[in-house]
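Visitor: Below, each chain spelled out in residue letters.
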Amino acid sequence: MTIDQISVFVDNKPGRLVELLEVLSQSNVDLRAMSMADTADFGILRMIADNPENAKKLIADAGYVTNITQVLAVAVPDVPGGLAKVLSYISNAGISIEYMYVFITHEDENACVIVRVDDNEKAEKVLEANNIRLFSPSDIYKD
Amino acid sequence: MGNYFQPEIECASPEKIKEIQDKRLADTVRRVYNNVQYYKNMMDDAGVTPDDIKSTDDLHKLPFLTKADLRNAYPYGLLAVPLSDAVRIQSTSGTTGKRVVAFYTKHDLDIWDDCCARALVAAGATKNDVVHVSYGYGLFTGGAGLNGGSHKLGSLTLPMSSGNTDRQVQFMCDMGSTILCCTPSYAEYIGETICERGLQDKIKLKAGIFGAEAWSEEMRKDIESKLGLKAYDIYGLTEIIGPGVSFECEEQSGMHINEDHFIAEIIDPVTEKVLPYGEKGELVFTCISKEAFPLIRYRTRDICVLHREKCSCGRTLLKMEKPMGRSDDMLIIRGVNVFPSQIETVLLNCGYTANYQIIVDRVNHSDTLDVVVEMTPEMFSDTVKQISMHEKKLVDALKSMLGIYANVTLAAPKSIERSEGKAVRVIDKRKI
Numbered sequence: 001m002t003i004d005q006i007s008v009f010v011d012n013k014p015g016r017l018v019e020l021l022e023v024l025s026q027s028n029v030d031l032r033a034m035s036m037a038d039t040a041d042f043g044i045l046r047m048i049a050d051n052p053e054n055a056k057k058l059i060a061d062a063g064y065v066t067n068i069t070q071v072l073a074v075a076v077p078d079v080p081g082g083l084a085k086v087l088s089y090i091s092n093a094g095i096s097i098e099y100m101y102v103f104i105t106h107e108d109e110n111a112c113v114i115v116r117v118d119d120n121e122k123a124e125k126v127l128e129a130n131n132i133r134l135f136s137p138s139d140i141y142k143d
Numbered sequence: 144m145g146n147y148f149q150p151e152i153e154c155a156s157p158e159k160i161k162e163i164q165d166k167r168l169a170d171t172v173r174r175v176y177n178n179v180q181y182y183k184n185m186m187d188d189a190g191v192t193p194d195d196i197k198s199t200d201d202l203h204k205l206p207f208l209t210k211a212d213l214r215n216a217y218p219y220g221l222l223a224v225p226l227s228d229a230v231r232i233q234s235t236s237g238t239t240g241k242r243v244v245a246f247y248t249k250h251d252l253d254i255w256d257d258c259c260a261r262a263l264v265a266a267g268a269t270k271n272d273v274v275h276v277s278y279g280y281g282l283f284t285g286g287a288g289l290n291g292g293s294h295k296l297g298s299l300t301l302p303m304s305s306g307n308t309d310r311q312v313q314f315m316c317d318m319g320s321t322i323l324c325c326t327p328s329y330a331e332y333i334g335e336t337i338c339e340r341g342l343q344d345k346i347k348l349k350a351g352i353f354g355a356e357a358w359s360e361e362m363r364k365d366i367e368s369k370l371g372l373k374a375y376d377i378y379g380l381t382e383i384i385g386p387g388v389s390f391e392c393e394e395q396s397g398m399h400i401n402e403d404h405f406i407a408e409i410i411d412p413v414t415e416k417v418l419p420y421g422e423k424g425e426l427v428f429t430c431i432s433k434e435a436f437p438l439i440r441y442r443t444r445d446i447c448v449l450h451r452e453k454c455s456c457g458r459t460l461l462k463m464e465k466p467m468g469r470s471d472d473m474l475i476i477r478g479v480n481v482f483p484s485q486i487e488t489v490l491l492n493c494g495y496t497a498n499y500q501i502i503v504d505r506v507n508h509s510d511t512l513d514v515v516v517e518m519t520p521e522m523f524s525d526t527v528k529q530i531s532m533h534e535k536k537l538v539d540a541l542k543s544m545l546g547i548y549a550n551v552t553l554a555a556p557k558s559i560e561r562s563e564g565k566a567v568r569v570i571d572k573r574k575i
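Just so you know, the sequences run in chain order A and B.
Heads up: the first sequence begins at 1 in my numbering, then just goes up one per residue.
Heads up: the second sequence begins at 144 in my numbering, then just goes up one per residue.
Hints are all accurate, no fakes.
For lysine to aspartate or glutamate, the following EDC-like pairs were computed, each having C-alpha atoms within a straight-line distance of at most 20 Å: (1) Lys161/B to Asp195/B; (2) Lys13/A to Glu560/B; (3) Lys57/A to Glu521/B; (4) Lys197/B to Asp187/B; (5) Lys536/B to Asp41/A; (6) Lys56/A to Glu339/B; (7) Lys416/B to Asp195/B; (8) Lys535/B to Asp41/A; (9) Lys345/B to Glu335/B; (10) Lys528/B to Asp41/A; (11) Lys453/B to Glu158/B.
Per label pair, the in silico range of CB-to-CB distance: (12) Ile97/A to Ser455/B: 52 to 60 Å; (13) Gln70/A to Lys453/B: 52 to 60 Å; (14) Val569/B to Pro80/A: 57 to 65 Å; (15) Cys316/B to Lys125/A: 52 to 60 Å; (16) Ser96/A to Gly371/B: 36 to 44 Å; (17) Lys535/B to Ile97/A: 17 to 25 Å.
By construction, these hints were calculated from the structure, which means they are not laboratory data.
All C-beta atoms, glycine included, are put in the ideal place defined by N, C-alpha and C.
All chains, full assembly: derive it from the sequences and hints.
Guide: See the structure below:
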């Protein structure tokens, strides 16, 4: 089970990120998580938002290049070594992790980590076999 | 077999064309020698008299004219008729500080209209077409030339001029424009606007005549797919007459020169020796039917190749390849000749858009070349790795085309200014 992540190209000019965030706030897009990847001359803003198709359309209409990628929202036991264990299941199976970032949930026992891997299907199977839960879109968007 | 506006000329035998050229050349040379002090001085200095010029075989005896001559003779020094016979002035933009002013009599305007009407017909236009002219009107020759050609043909002419793209698109939809005439970069911009608004179904364009800028085959394909038309090239320069010196036919493989009005030669730009057909060199034109401003052996600074092979369209007129670019446009970067059109070819081949900017600078006594391109949805990815891979591919392709390293900068879509006339592609910050 995967969830939609919206990515946006942000070029390296002062004020660009703020402009984009203003577009989102004016359109009442509710951001659940975000992370920024930056290089010397551009950045990629990745985010999880309610109603991703609608958010993507708003962003594209505002003139940004954007796309939607399927990522895993993994429930990681909130104990020391919890994340290391989960990631080791993935990498031991020969799956590459492109990037990851933390997602804030209202659950106490689990942290949610967004993980982008090169093979979602395989990663889902491996995690399931190890009794690691994946959040579904309805878990993510509920209030 | 195509349609012709003046088949008796466009499909004439080479012998017939030579006969016309021989007579008109001899007459023109005699006339400018007798009426224009500047030409008389030049020919006297070269030791040539009008009697020496009996046919095109004698053309090589005449001295060349350059842009410097036009500057020296500015404003009226090369006018070959009394002021009372001249009815029109057109001029180049003069952005490089080299303004050129050209004059026309009624007869000159008439042959200019013929030249542009031939181009329109070769692109498939008839009197039933709606010709949408989005070249600038005014001193620039683009608007006046195609406007005149369209009138001559009897097509319904929309004198839009450039700019106000919303209005352009609205007229295009409302009036059902079928032929678009503008610069290729503006065609690209109009196409982008139409696609963005999803108006492709409302557009009836079938052909476009795009000139006044160097553009690549890849850009042609891009414009053709965006606007759903066949894109034809047209060539000209204000000094010679404006657009319509040569034009493309349905073969889209080079432009037919209107040889009854202009004699073309290719020379080695360094030795000034005339080169045979098929060899690459600088294009030189001689006007043989114009009255007011008949330039003799004018060096265009355009680098191209001439071909005399028979064309499948049935025209016998000499063909010129698309110029690689004006030698003025050529950049010398770290000693290597670079044409913006080469960079454009690579960008379009690699999946980027034709909106780009070339920035040349000098850092620590060494030239730097930076190519700014806009990110597209196709090239975008959520991972840096993927984007960098595309970027590296582009850098490698530029390196293999140009022979030098170019840095690539990815910019946001629409961040590079769109052009409504001639696009500003190159920013040279070097202070030499």
